[in-house]
Amino acid sequence: MTLLQFYLCFKGIVFRESLRFFYQRARFFSALVRPLVWLAIFAVGFRSILGVSRPLGQPEEWPYPVSLIPYELYIAAGLIAMIQLFNGMQSSLSMVYDREMGSMRTLLVSPFPRPFLLISKLLAGVLVSILQVFAFLIIALFWDIEPPIKGYLMVIPALFLSGMMLGALGMFLSSAIKQLENFAGVMNFVIFPMFFASSALYPLWKIRESSEILFYFCSYNPFTHAVELIRFSLYGQLNEKSLVFVCVFLAIFLILAIYGYDPSRGFIRKKKI
Amino acid sequence: MNHKALSIESLNHNFGDLKVLNEINLTLNPGDYSILLGLNGAGKTTLFSLITRLYDNETGAIEIFSYNIKKNPTKALANIGVVFQQPTIDLDLTVAQNLYYHASLHGMKKKIALDTAIIELRRQNMKDIFHKKVRELSGGQKRRVEIVRALMHNPKLLLLDEPTAGVDIENRQLIARHVKNLCKEKKIAVLWATHLIDEVDLKGNLIILHKGKIMANDSVKNILKNSNAKNVSNAFNYFIKN
Numbered sequence: 002m003t004l005l006q007f008y009l010c011f012k013g014i015v016f017r018e019s020l021r022f023f024y025q026r027a028r029f030f031s032a033l034v035r036p037l038v039w040l041a042i043f044a045v046g047f048r049s050i051l052g053v054s055r056p057l058g059q060p061e062e063w064p065y066p067v068s069l070i071p072y073e074l075y076i077a078a079g080l081i082a083m084i085q086l087f088n089g090m091q092s093s094l095s096m097v098y099d100r101e102m103g104s105m106r107t108l109l110v111s112p113f114p115r116p117f118l119l120i121s122k123l124l125a126g127v128l129v130s131i132l133q134v135f136a137f138l139i140i141a142l143f144w145d146i147e148p149p150i151k152g153y154l155m156v157i158p159a160l161f162l163s164g165m166m167l168g169a170l171g172m173f174l175s176s177a178i179k180q181l182e183n184f185a186g187v188m189n190f191v192i193f194p195m196f197f198a199s200s201a202l203y204p205l206w207k208i209r210e211s212s213e214i215l216f217y218f219c220s221y222n223p224f225t226h227a228v229e230l231i232r233f234s235l236y237g238q239l240n241e242k243s244l245v246f247v248c249v250f251l252a253i254f255l256i257l258a259i260y261g262y263d264p265s266r267g268f269i270r271k272k273k274i
Numbered sequence: 015m016n017h018k019a020l021s022i023e024s025l026n027h028n029f030g031d032l033k034v035l036n037e038i039n040l041t042l043n044p045g046d047y048s049i050l051l052g053l054n055g056a057g058k059t060t061l062f063s064l065i066t067r068l069y070d071n072e073t074g075a076i077e078i079f080s081y082n083i084k085k086n087p088t089k090a091l092a093n094i095g096v097v098f099q100q101p102t103i104d105l106d107l108t109v110a111q112n113l114y115y116h117a118s119l120h121g122m123k124k125k126i127a128l129d130t131a132i133i134e135l136r137r138q139n140m141k142d143i144f145h146k147k148v149r150e151l152s153g154g155q156k157r158r159v160e161i162v163r164a165l166m167h168n169p170k171l172l173l174l175d176e177p178t179a180g181v182d183i184e185n186r187q188l189i190a191r192h193v194k195n196l197c198k199e200k201k202i203a204v205l206w207a208t209h210l211i212d213e214v215d216l217k218g219n220l221i222i223l224h225k226g227k228i229m230a231n232d233s234v235k236n237i238l239k240n241s242n243a244k245n246v247s248n249a250f251n252y253f254i255k256n
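Line by line, the protein sequences give chains A and B. Numbers in the working numbering are just positions in the first sequence, counted from 1, shifted up by 1. Numbers in the working numbering are just positions in the second sequence, counted from 1, shifted up by 14.
Same shape as in the complex, but just chain A (with noise of 0.2 Å):
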């Protein structure tokens, strides 16, 4: 295989995941719906209640990009975050309703190498979720979230790294997961409490004054970091700590993946596919 099959190869897939994405427009409205209800209910409602400031004891130029701003400014990130989330989880169910209709097949019976043909689904997919974040963003501005330009375009290789680590997370799950009706669990058990053992709805130093064990947990999970890395670069900011942890939780998950897909040793082996 030369290097301009594998480019076409891989050019394939994202026609094909952008298609089906575009004929679901459902998905599309669905994925923008979510986190505007967020934004526009309850941030709007909490926003007195939840004023976000610096912690106590810190000087007035603490560098957290987003302390002393209205609330929906401060959740703005974990809904782009959430959007990801969201569309990681919706990949890894699509990936077990191919498998299940038989779909998947096309796709594991082609020459190219199995890792190759997952990372190229997932990045297809992560290219879909950055066109969810920026209409998202677009809607936004209609309640004054409005990030300096160069956020905008920093914010490109945030998400493509947080789509990546979530949506490389999704696609271990669907490798493990037996049934589409089993993907319900998932809901309970992964997306909940990712999303809200996070720093996307309140700022961890909150979550520490009342749980120092909650505080720990939130301080390694990872959704906590890909929403402060996308948090931070949207303001022209780079969390370090936090683009070090996305990228090693995308290289477990994705390690994960690949091995729950292999066809000697992964769990698919032992399912029918």
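Be aware that a few hints might be false.
To be verified - Derived SDA-like pairs: lysine to any residue, alpha-carbon spacing no greater than 20 Å straight-line:
id	chain 1	residue 1	chain 2	residue 2
1	B	Lys125	A	Phe7
2	B	Lys156	A	Ser104
3	B	Lys123	A	Phe16
Keep in mind that the hints were calculated from the coordinates and are not lab data. Remember, predicted model here, so these are calculated numbers, not experimental data.
Dock chain B against the given chain A, drawing on the hints supplied.
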């Protein structure tokens, strides 16, 4: 060098404690047309899953044109076209989009893919469905599109797992005729799995698979002779009971 299109040696496969395939030995030459006949649960689909590397074989060896599927899957899979028992075509996309997607999975350029698609569809008198959504096609048309899709990358071995499931008599005949022509014209080796006796071509080869074991593998003529049977149905019953 004359390579075997498909060569399987001492293949066994288990699902947990259940032995699904037992000491399978099988060869197909280029241009061979072989029917793999077996009851439901005989192991036909599992055999296809192993040949296409959906599962890895733990014992034995599978070679496609001398490329070992485990050691050199890229070269081996590039030679295989496959139609699965379960339809795997994307209903939301058009025929052209489905065919292009499949071709891209084999590293084909879009223009070449679409030109090939038109040629193959024309060969099956289905050019007019090129831009139709798959959802709008009849069951028979969908299966024929799947055969076209399997041929897009010009494979030398075609695996068909119950390709006529849910298809009417007219479409079944069309599919069978088309596949036989492919064998003759392009020298493609065909392995056609079925549980329907009437799909057995009296001029071709027959492999009888029962409970994961090959009970007979020869030309239909010889199988009828060896079992003293008047027809394939009787021969099949003879081999699965002995």
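Cross-check of the supplied hints:
no. : hint                : result
1   : B/Lys125 - A/Phe7   : holds (16 Å)
2   : B/Lys156 - A/Ser104 : holds (14 Å)
3   : B/Lys123 - A/Phe16  : holds (13 Å)
Of the numbered hints stated above, none is contradicted by the structure.
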